[in-house]
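Those sequence lines, one after another, are chains A and B.
Under my numbering, the first sequence has 223 at position 223, and the numbering climbs by one with no breaks.
Under my numbering, the second sequence has 65 at position 65, and the numbering climbs by one with no breaks.
One thing to keep in mind: the hints can contain errors.
What the hints assert, rightly or not - With a straight-line cut-off of 25 angstroms between C-alpha atoms, the simulated DSS-like cross-links for lysine-lysine are:
no., chain 1, residue 1, chain 2, residue 2
1, B, Lys81, B, Lys281
2, A, Lys104, B, Lys32
3, B, Lys32, A, Lys105
By construction, these hints were calculated from the structure, which means they are not laboratory data.
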Amino acid sequence: MRNWNRQRVAKIVIPIAAWLIGIIFVIPILYMVLTSLHAPQDAQTYPPSWGAPLTLENYSSLFTSANPITPALINSVITSVISTLLVLALAIPAAYALAIKPVKKWSDAMFFFLSTKMLPMVAGILPIYLFTTQVINMPDNVIVLILLYTAMNLPIAVWMMRSFLAEVPPAIIEAASIDGASTLRILTRIVAPISMPGVAATSLICFIFAWNEQLYAKVLTSVAAQTGPVFVNTLIQTEHAYLAELAAGATLISLPVLIAGFAAQDKLVQGLSLGAVK
Amino acid sequence: MASVTAPPRTRTEPAATRPPAAYKKWGRESWKLRAPLLPALVFLIVVTQLPFVATLVMSFMNWSAQPDAEGRSFAGLDNFKTVFTTPAYRTAVLNTIEMTVVVVGVSAVLALGIALLLNHAFIGRGLVRTMMIAPFLIVPIAAAVFWGNGILMTGFGLVDGVLGQLGVPGAQDIAFLTDHPKLAIEIELIWQWTPFMMLILLAGLQSQDPEVLEAASIDGCNGWQTFVHMTLPHVRRYLELSIVLGTIFIVQNFDSVLGMTGGLNSTNIPYAVYETFYSAKDYGVASALGVVVVIGSLIIATFALRVVSSLLTDEEASR
Numbered sequence: 001m002r003n004w005n006r007q008r009v010a011k012i013v014i015p016i017a018a019w020l021i022g023i024i025f026v027i028p029i030l031y032m033v034l035t036s037l038h039a040p041q042d043a044q045t046y047p048p049s050w051g052a053p054l055t056l057e058n059y060s061s062l063f064t065s066a067n068p069i070t071p072a073l074i075n076s077v078i079t080s081v082i083s084t085l086l087v088l089a090l091a092i093p094a095a096y097a098l099a100i101k102p103v104k105k106w107s108d109a110m111f112f113f114l115s116t117k118m119l120p121m122v123a124g125i126l127p128i129y130l131f132t133t134q135v136i137n138m139p140d141n142v143i144v145l146i147l148l149y150t151a152m153n154l155p156i157a158v159w160m161m162r163s164f165l166a167e168v169p170p171a172i173i174e175a176a177s178i179d180g181a182s183t184l185r186i187l188t189r190i191v192a193p194i195s196m197p198g199v200a201a202t203s204l205i206c207f208i209f210a211w212n213e214q215l216y217a218k219v220l221t222s223v224a225a226q227t228g229p230v231f232v233n234t235l236i237q238t239e240h241a242y243l244a245e246l247a248a249g250a251t252l253i254s255l256p257v258l259i260a261g262f263a264a265q266d267k268l269v270q271g272l273s274l275g276a277v278k
Numbered sequence: 001m002a003s004v005t006a007p008p009r010t011r012t013e014p015a016a017t018r019p020p021a022a023y024k025k026w027g028r029e030s031w032k033l034r035a036p037l038l039p040a041l042v043f044l045i046v047v048t049q050l051p052f053v054a055t056l057v058m059s060f061m062n063w064s065a066q067p068d069a070e071g072r073s074f075a076g077l078d079n080f081k082t083v084f085t086t087p088a089y090r091t092a093v094l095n096t097i098e099m100t101v102v103v104v105g106v107s108a109v110l111a112l113g114i115a116l117l118l119n120h121a122f123i124g125r126g127l128v129r130t131m132m133i134a135p136f137l138i139v140p141i142a143a144a145v146f147w148g149n150g151i152l153m154t155g156f157g158l159v160d161g162v163l164g165q166l167g168v169p170g171a172q173d174i175a176f177l178t179d180h181p182k183l184a185i186e187i188e189l190i191w192q193w194t195p196f197m198m199l200i201l202l203a204g205l206q207s208q209d210p211e212v213l214e215a216a217s218i219d220g221c222n223g224w225q226t227f228v229h230m231t232l233p234h235v236r237r238y239l240e241l242s243i244v245l246g247t248i249f250i251v252q253n254f255d256s257v258l259g260m261t262g263g264l265n266s267t268n269i270p271y272a273v274y275e276t277f278y279s280a281k282d283y284g285v286a287s288a289l290g291v292v293v294v295i296g297s298l299i300i301a302t303f304a305l306r307v308v309s310s311l312l313t314d315e316e317a318s319r
């Protein structure tokens, strides 16, 4: 009898608690979106002008102002997409060597990859800055960012891809190779189909981390190669009402990540756990 | 492992037709196996490890890019002395430790609680899960600048405004960012990273065999006993994984400090390195600070790798 009561209480309390916590976590985002839809003078009042008329003028002014967001968005797309492709090109063969036909001491190699991820990016930033500005004379260049983001995401991608490729049963590969199938055929007909979800999860995570990166982008770019996250920071212009446009910029650059993340929630989990969770 | 997989393949090849190749087989085979690994390894060493070597060299040099600075010279340990004797740098080290411990600790506890809630079936669970994930999907610098300017800003921030509408006297003047800068950053980071940890923990909980839990409840275990003896041991590795990954990201946090307080009474090591080289242009001291960060990270990494290695050794044993 007591047990039955407990279950009944849990049935009421758990949904209420969960909904409450969910709402608390999402409020800052809803308020950011609301602020982005208010006119600049309505967006920064005390107390907040909750019912002020909604407008899209902040979004349009992001694109039409003297210093538009468009080039920064294009740079963000270029660096994120190309670095993700490069990461895949390097990580998939490496993961193959670590999972399908593991080389000796494969776990040592795995730990080397992971340990590079644990060293703070900031500790290497000064030589990189001096090298790009004074040695190869490529300041403010997206190519530099692409290479850095590739290195930044490579360890995660190797870990993820290895765990997905380890799912491929070795017996199938062995059997195919005894039957005379070439390595290429084994890769395209057996390994690729099984590991495709892993490639998708890896791409998603690498894209998100590259899209989000701000420290390297801020230090190594100024105008030509400026990315979205750096641009948003420049929207803080305290001499006039700036909050509405700042909120619009913050919402706009988060939109691709939000859409991709929501659309592929299960991939997100696989990726965040380095492939440990399937 | 290579020695285990290689013999069956050699047997399938007609050894008589190419005798010289058979002698070289071993060396060639292992290089064929290793070759796909090399591009990634070489790329990573060049792009991430060489800069660290350069940082190490520069940390022993007098090197300032200020216009009135003297030329470069060997500095011995002077830069390290500066790092350890300047109160601002010591504070940065302490701030980094404090913020990491608080954020990771609170996020882990919150995440476990929320994951346990979401592990139950209820109306709208999918929607609540989606709402919970959202903070992690906001670009970190965008989240930081909006928390700093739209939510915690004195006067027109959301918190001051709501407190004022609730009738709190003087709410308009509450200066959260300048009075409690570290707490402000910690709250923002907890908001952003709890969802990350929750996702990993929830996946861990959902991988638990429901039949085991059912058996426990039939055997008369109450909820608490089941949680402590069955659920907690099961999610432990997921908890460890989320703590390790969370620590890696939060130790390196730069965006929240830049976007919310601009380093005011809340400078952490990444921000201090950035400021020392970008604003003060003291390359020697910035490099020494970088070396200190690397040593600190190596200590954390040793612990972290041990945790992660348990994931791998389990797997290696089962291969």
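Hint by hint, where does the structure go against what was stated? Just the numbers, ascending.
none
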